[in-house]
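S.K.: Here the protein sequences come in this chain order: A and B. Start counting the first sequence at 1; every next residue gets the next number (our numbering). Start counting the second sequence at 962; every next residue gets the next number (our numbering).
Honestly, the hints are just simulated from the structure, not real lab data. Be a bit skeptical, because a hint or two may be false.
Stated by the list, open to error - In silico SDA-like pairs for lysine to any residue, Cα to Cα no more than 20 Å straight-line:
1. B:Lys1001 with A:Trp715
2. B:Lys1001 with A:Gly648
3. A:Lys592 with A:Pro612
4. B:Lys1001 with A:Thr720
These are the residues of each chain, in order.
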Amino acid sequence: MGNKGTGERLPRSEHELIDRDAVIDFEFEGRRFSAHQGDTVGSAVTAVGIDILSRSFKYHRPRGMLCAAGNCPNCLMTVDGIPNVRSCTMQVQPGMKVKRQNAWPSVDFDFGSVLDRMDRVLPVGFYYKAFHKPKFLWDIMRPIVRRIAGLGRIDILSDGGPRYSHRNMQADVAVIGGGPAGMAAAIEAADVGQDVVLIDDQQVLGGHLLSDTARYAGIEGVGDGTGQEIADSLRGRVEAQSGIRVLSGASAFGYYQDNLVGVRQGFESIQLRADRVVMATGAFEVPFQFENNDRPGVMLASGALRMARLYGVPPGERAVVVTDNDAGYSSALNLLDAGIEVAAVVDLRSGAGASDVGDAVRDAGIEVLTGCRLVSASGTKRVSRLKVVAADSSTRVLKCDLVCMAGVPQPANGLLLQQPGVVVEYDEQLRESVPARLPDTVFTAGDINGFHDLGIVLGQGVAAGRKAAGVAYDGSSQLSALESEYRDGLRHRDSYSSGSAKKEFVCFCEDVSTKDIGVAIREGFGDIQTLKRYTTSTMGPCQGKMCHKAFVEATAIHTGGTIAATGATTARPPAQGVPLGALAGPGHMPLKRTPLDEIHRAAGAEMVELGPWLRAHDYGSPQDEALTVRERVGIIDVSTLGKLDVRGADAGKLLDKVYTHRFSNLREGRIRYGLLCGENGAIMDDGTVTRLSEDHYFVSTTTGNVDAIEDWFNWWLEGTGMDVFVTNVTSSYGAINVAGPRARETLSKLTDVDLSSDAFGYMRSFSGTVAGVPCIFLRIGFVGETGWELHFPSEYAEHLWKALMEAGAEYGIGPFGLEAQRILRLEKGHIIVSQDTDAVTDPLDAGMRWAVRFDKPDFIGRAGLAANRKRESEEKLVGFVMRGDLVPEDGQPIVENGIPIGRVTSSRLSPTLKKGFGLGWVPEKLAEEGVEILIRIGDKDWPAVVATEPIYDPEGVRLRS
Amino acid sequence: MLTRPQPDVSNEDLTDYLFFRENADGPQREWWNHNMGCRKWFIAVRNTHTNEVIETSWPPDIQSSAIQSNDDGKSDGE
Chain A
1 MGNKGTGERL PRSEHELIDR DAVIDFEFEG RRFSAHQGDT VGSAVTAVGI
51 DILSRSFKYH RPRGMLCAAG NCPNCLMTVD GIPNVRSCTM QVQPGMKVKR
101 QNAWPSVDFD FGSVLDRMDR VLPVGFYYKA FHKPKFLWDI MRPIVRRIAG
151 LGRIDILSDG GPRYSHRNMQ ADVAVIGGGP AGMAAAIEAA DVGQDVVLID
201 DQQVLGGHLL SDTARYAGIE GVGDGTGQEI ADSLRGRVEA QSGIRVLSGA
251 SAFGYYQDNL VGVRQGFESI QLRADRVVMA TGAFEVPFQF ENNDRPGVML
301 ASGALRMARL YGVPPGERAV VVTDNDAGYS SALNLLDAGI EVAAVVDLRS
351 GAGASDVGDA VRDAGIEVLT GCRLVSASGT KRVSRLKVVA ADSSTRVLKC
401 DLVCMAGVPQ PANGLLLQQP GVVVEYDEQL RESVPARLPD TVFTAGDING
451 FHDLGIVLGQ GVAAGRKAAG VAYDGSSQLS ALESEYRDGL RHRDSYSSGS
501 AKKEFVCFCE DVSTKDIGVA IREGFGDIQT LKRYTTSTMG PCQGKMCHKA
551 FVEATAIHTG GTIAATGATT ARPPAQGVPL GALAGPGHMP LKRTPLDEIH
601 RAAGAEMVEL GPWLRAHDYG SPQDEALTVR ERVGIIDVST LGKLDVRGAD
651 AGKLLDKVYT HRFSNLREGR IRYGLLCGEN GAIMDDGTVT RLSEDHYFVS
701 TTTGNVDAIE DWFNWWLEGT GMDVFVTNVT SSYGAINVAG PRARETLSKL
751 TDVDLSSDAF GYMRSFSGTV AGVPCIFLRI GFVGETGWEL HFPSEYAEHL
801 WKALMEAGAE YGIGPFGLEA QRILRLEKGH IIVSQDTDAV TDPLDAGMRW
851 AVRFDKPDFI GRAGLAANRK RESEEKLVGF VMRGDLVPED GQPIVENGIP
901 IGRVTSSRLS PTLKKGFGLG WVPEKLAEEG VEILIRIGDK DWPAVVATEP
951 IYDPEGVRLR S
Chain B
962 MLTRPQPDVS NEDLTDYLFF RENADGPQRE WWNHNMGCRK WFIAVRNTHT
1012 NEVIETSWPP DIQSSAIQSN DDGKSDGE
């Protein structure tokens, strides 16, 4: 099949959205196709005769264009590798690659169509019932069923397309829906000074008016003209009006509490917060029920008209219009005017069949049949005939290749219903579910309210715009009069189809027929909520837009209830499909770098993310780096440590309250280990507390936890009247730890502070300068060697590091990273909170009873710990050393007779022992020196020995020297 | 908003304090923190049913007048 160009189009029209003079090429299933600028993928392929756009979910039935507005599943295709794209709204771009889905070997000739004939073994809910006896059968069938299910396929090798950018917007009034009601509301609100955002999912504002050629006269506020002309005029006024930001091609998928709207526009994800929202999302036609109502060529009348009027694509050659309201007659005339032959109008209502517009239809030579019942459509790949039973019970077979279903439009309230406080009720007179109660800041206007009359729609738009803007609206009585007149003029069908045909589809997305609904109800799923879940009706891509009405009607008929009593399914976001990429957070997360970041990179460090920080994991060999510290001297960047400056007359009192240890009696220049517990006694964080002066303490916390600890301190201060100020100085201070047997010699070269062990003992603190930089010296020993942690203004970090490296060069100094530090601290049995402890670990189980001062009057966690003290510990944290050569991973289970009884929390290869070792939780009875335990690595159990003392320098001699 | 347990609290009372909440349907006094802004703590009375915030205030002095707990209306000093 050669390139057919852009196909045979209807005569050029002033209001079409395509530019006939611009042609774009794209690729469709490997073939070169052409389109006009402004065409959608759906209109372009339909124009060249592609009738079958996809295969249905379960039965692989051929499906064609149905709504042409993005409300149904029929046109889903894979575009540029992205599956399930609505081709009827996706504008063609040059070079686009499109292919159809859910068929093999091709959509036109699909082996899957055999499933259509297997409906007897694939009834509703078959995966609960079929292929389960004997049991092994389901193990075979499940993967097959999974493979067949689904529509598009994700190409896991593709890069997933462009990243979504994210934007926040605020507005006084958000108007959702750019049809006549929305435009009127936006103009009105902006005119009285409101900041308005108008969101519309079509290419051009106008809504259903874009394809409306009917003439309107005498409507207040707009001049006489066709629907299209009125749309032009309103659009012009929106553009001329200041204060309206228009988002076109923007799909509002979520409507969250306090008027937060989630919008997707192209590759942008927008969060819009508005003080007030006007919901003007309109209404849409839905399919009628008859056998084979899903055949290609059976379309919504509005869909056929969109194809014809917006894109100049003939939806068919010979149409039959089926309707149950007067508007169907206008649609018939519209089609005729567009150049499509209309063979007949089939009115499902008894009686004369509309008044003025009915006469116009007859005058145009179109046969009108009233009081009809729909039987079936026939045709293999496309509809060719429609069978109906007329009022006189005669059967008529109408030859046509296009059936236009012009039913009463259903309000598009899926988005509205997501907002808490919105109540929608079934209106018996209108035969639609319309808003009954709305929150104060939410307004509705137009077809969503159930009135499908342009005069009323525009009036409601004006009313909503003014009310949303908080100004008076004085047209209420006129509007009410129009609405009453409209209600009185309605004429509905006598009854609904009590269909039981097996290929009469209620849910197009999931291939659920009216027969399936009947069967499911007989099986006991009589409540609409369970019925929905069992049949999966309304759970597909269209989320009930096309099927909710038929679903509720079928349920009411089969249960013998009323529509109002049957209820409705629950609307949840997203109202329209939205890719996960749009919902995922912004592509970049703020990362914090230490002041030594560039130095680490220059030294060849492997950088790693630790919470929000980027840290040096190692400089090539963690084992060597650890040995450097043990044998010579090493330096590590610990700038990420949380640091809090706590000062005031009651500083000590605060620390006594939040820590388990006592700090008010800490002498000046001394450091004490601090353990923070929650009220339940579980360890929250640990660190060191240094008393700098009478009412000044310097507190350190674990990296990444400082913000939470700062909040914790401030919370417990509230209302106490204590004189304390807590300041987060984490970024203000850089910190470097110098550790090793040669650390003293190295540091002494750069400072006047007396570092000898007599003058400067373990757990003491002094202030002084190092290489000219003012520092707080803390002599602590996380890694178990003689060492000092220096805290200094972070601007001096690079200078200080270089000075240290230079000073230590003769002693063989080297930098050590996070990994080496972990190995070193593990050799000393020092815990890392949340690595070796979990959410319920308390200091007693973790072997830190010494850190808890029960003789303090009160502290956070005291009651919890006192209670824990009374009961027996079930598990204890102990060290272990492997007997063999293997090194377990963190988290490996400790087993007894093949059953897990504990777990390894930290494990490494010791550079000093040359054996695997670590910390782990074991039952109390095994928590003794020398006891043998088994650790599961892979699928075997390996022996290890419990060590209750650190494996390196248990007496802490090196630490204190 | 609850009152902290005394050191001699019973196991039942401690468990209640740690793990059980009234789950009131209606106005509830709560601690809030302006996390993304000034990081100050404050009190809000929020209707848990409608999510409407009825009133906000700075935390009360514990030393001075009584703190009402939302469920039983008992006043507690410290």
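S.K.: Take the hints in turn and mark each one as holding or not.
M.R.: Against the structure, the hints:
With a C-alpha separation of about 9 Å, the suggested pairing of Lys1001 of chain B with Trp715 of chain A holds against the 20 Å cut-off. Proposed proximity of Lys1001 of chain B and Gly648 of chain A is supported: the alpha carbons are some 19 Å apart, at most 20 Å. With a C-alpha separation of about 6 Å, the suggested pair Lys592 of chain A and Pro612 of chain A falls inside the 20 Å cut-off, and the hint holds. Note on Lys1001 of chain B and Thr720 of chain A: the hinted pairing holds, with a Cα-Cα distance of about 15 Å set against a maximum of 20 Å.
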